[in-house]
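> These are the residues of each chain, in order.
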Amino acid sequence: MAAYLFHRLTGALLVIFGVTGIVFLLVHLIPGDPVEIMLGESASVADREVLRAALGLDKPVLTQFYHYLGGLLQLDLGTSIHFRRPVSELLLERLPATGLLAAATLAVSMALAFPLGVIAAIRRNTAWDSAAMGFSMLGVSIPNFWLGPLLILVFSLWLGWFPVSGHDGFVSVVLPAVTLGTGLAAVLSRMVRSSMLEVLGEDYMRTARAKGLAPHRVVLRHGLRNALLPVITLLGLQLGALLAGAVITETVFSWPGVGLLTIESIQTRDYPVLQACVLLISTTYVLVNLLTDIVYAWIDPRIRIGGGQ
Amino acid sequence: MIRLWIPFGVLALWALMTAGGQYLSLTPNLIHLDSILNTPGSGALLGFDDLGRHIDERLIIGARTSFLVSFWVVGLSVLVGTLVGTVTAYLGGWWDRVTVQLVDVFLAFPGILLAIALAGLLGPGIDNIVIALTTVGWVGYARLSRAQVLSLKHREHVQAAEALGSGKWFIIRRHLIPLMAAPLIVEATFGIAAVVIAEAGLSFLGLGVQPPEASWGAMIRDGSRYMLVAPHMVLAPGVAIFAVVLSVNLLGDRLRDRLDTRMVVDTGN
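In order, the protein sequence lines correspond to chains A and B.
Under the working numbering, think of the first position of the first sequence as 22, with each following residue one higher.
Under the working numbering, think of the first position of the second sequence as 518, with each following residue one higher.
Bear in mind the hints are in silico, worked out from the structure with no lab data behind them.
Worth double-checking, as some hints may not be accurate.
As the list claims (entries may be wrong) - Stretch-level coverage of chain B by chain A, calculated; a stretch enters the list once three of its residues show a Cβ under 8 Å from a Cβ in chain A:
#	stretch
1	614-627
2	708-719
3	722-734
4	741-747
5	756-769
For every residue, glycine included, the Cβ atom is placed at its ideal position computed from N, Cα and C.
Required output: the full structure, derived from the provided sequences and hints.
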């Protein structure tokens, strides 16, 4: 287990380093001068040079990268050009909203995916199955920047059950979470179904039925538990899609999270903030995947013994 | 089989709108001030938008945007990804290790986040969207073709070709790529659906084509401000995206069953 842990940790660190490098290059190699944006076009050349030196932008790119990395290690993400405040402060403000949205989305998608997937599997090739898989197909194909406005139209404007946008009490998280959760539920329910189908054919399922267990206990205790492992892995992998989808969904609902901050930073050309947002979301994704792998290896000895090659 | 006619029909219509849109003498930018936000039926099939423009005509021009972007992004991604994945996996050693590491780093960016950041930095425009989405898109094909080559390169027919003294490039072209075509085609089909959504998503965020050019995503963005008075502005482009993406996914599913390819498990590191 220790060898496996070490192998996975070094791998993740290397990836995070690469991600940091790409995000840094992204901002520094692309046309557009941040100094010009900060001072406006009418600023004098002397003023520009002073600011450039103050920001360290006159140094070679490698030196800048070195400084940036040094700052990151001390959790110093720079200062926002637009808000004139430390970027880390801004991120900390926005994190709870995105965390709440992500948690609610996971809850919604699992509440949808597990019943659908299990029913589709035990009633294979019936109308139940096609209905559940039809829903899954629709869920994958509907873009969340369309589903969001549709839900607002029906549930906020016509029925008036939920607020149109913003973060105002617990009810306001419902529509964003459903918007973001539908796509995830669609992918998950397919996985639950195929994983359940595999488990249903196992010998221990027959044994459980043969010894007279009630059908629902056979399915839930013996079936679903064993079918869970691949679903957990997929959940970890799908979290990335969820975080990226949050950028769009938060924009639709004006949900004050990290995703909306990303879009705002693009609109205001606030490079340090954009850099930090992309870095934060990607690093979270890498760490969650690492955690999924470790939990998976911990649960299933076959991986930690055979893996880590 | 009859169920496949509908998706085929939708996609044919999509291609037809792209190819034939310019011959229809449309006036998608013509403003009818007296018809602003008018609902469908009143002078135009799908009504008018917030500037008094025909929504049906803008839908046709928008089809062109999404078709061209998907064509270029999927085409370039398949080309670059397959080339990189195949060549480095076949050469092996140092080349392969560097590519695997690079692919891992790109895959660490969730979904279209990198494309959003890139499109935002490059500025709006259809060519910048293609660049941003291709930068993100090639990785999947590289990984898929790498996994394929790793399992193919020890097959007898490749060894025979090597023994006969065939060049590396010849073996890649004649003995590896033809055998990898099926899974790549399936992947590329689903890729079209992903790019249609991604392009519309970028345009929705205001990072795509700029007005007065039309994009389905930008139409949804404009429409979401007038939802109470003119829901048709959001409904029409949304149905269009949904229909195209659903059709592509249905065909992709069928194609996958038909070619019997399962997603190849990554054999990397």
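> Now tell me, hint by hint, if it's right for this structure.
Going down the list of hints, with the structure as the test:
1. 614-627: holds (count 8)
2. 708-719: Held - the stretch 708-719 of chain B has 4 residues with a Cβ nearer than 8 Å to chain A, which meets the minimum of three.
3. 722-734: The restraint on the stretch 722-734 of chain B holds, since 4 of its residues have a Cβ under 8 Å from chain A and three suffice.
4. 741-747: holds (count 3)
5. 756-769: holds (count 6)
In summary, the structure agrees with every hint in the numbered list given earlier.
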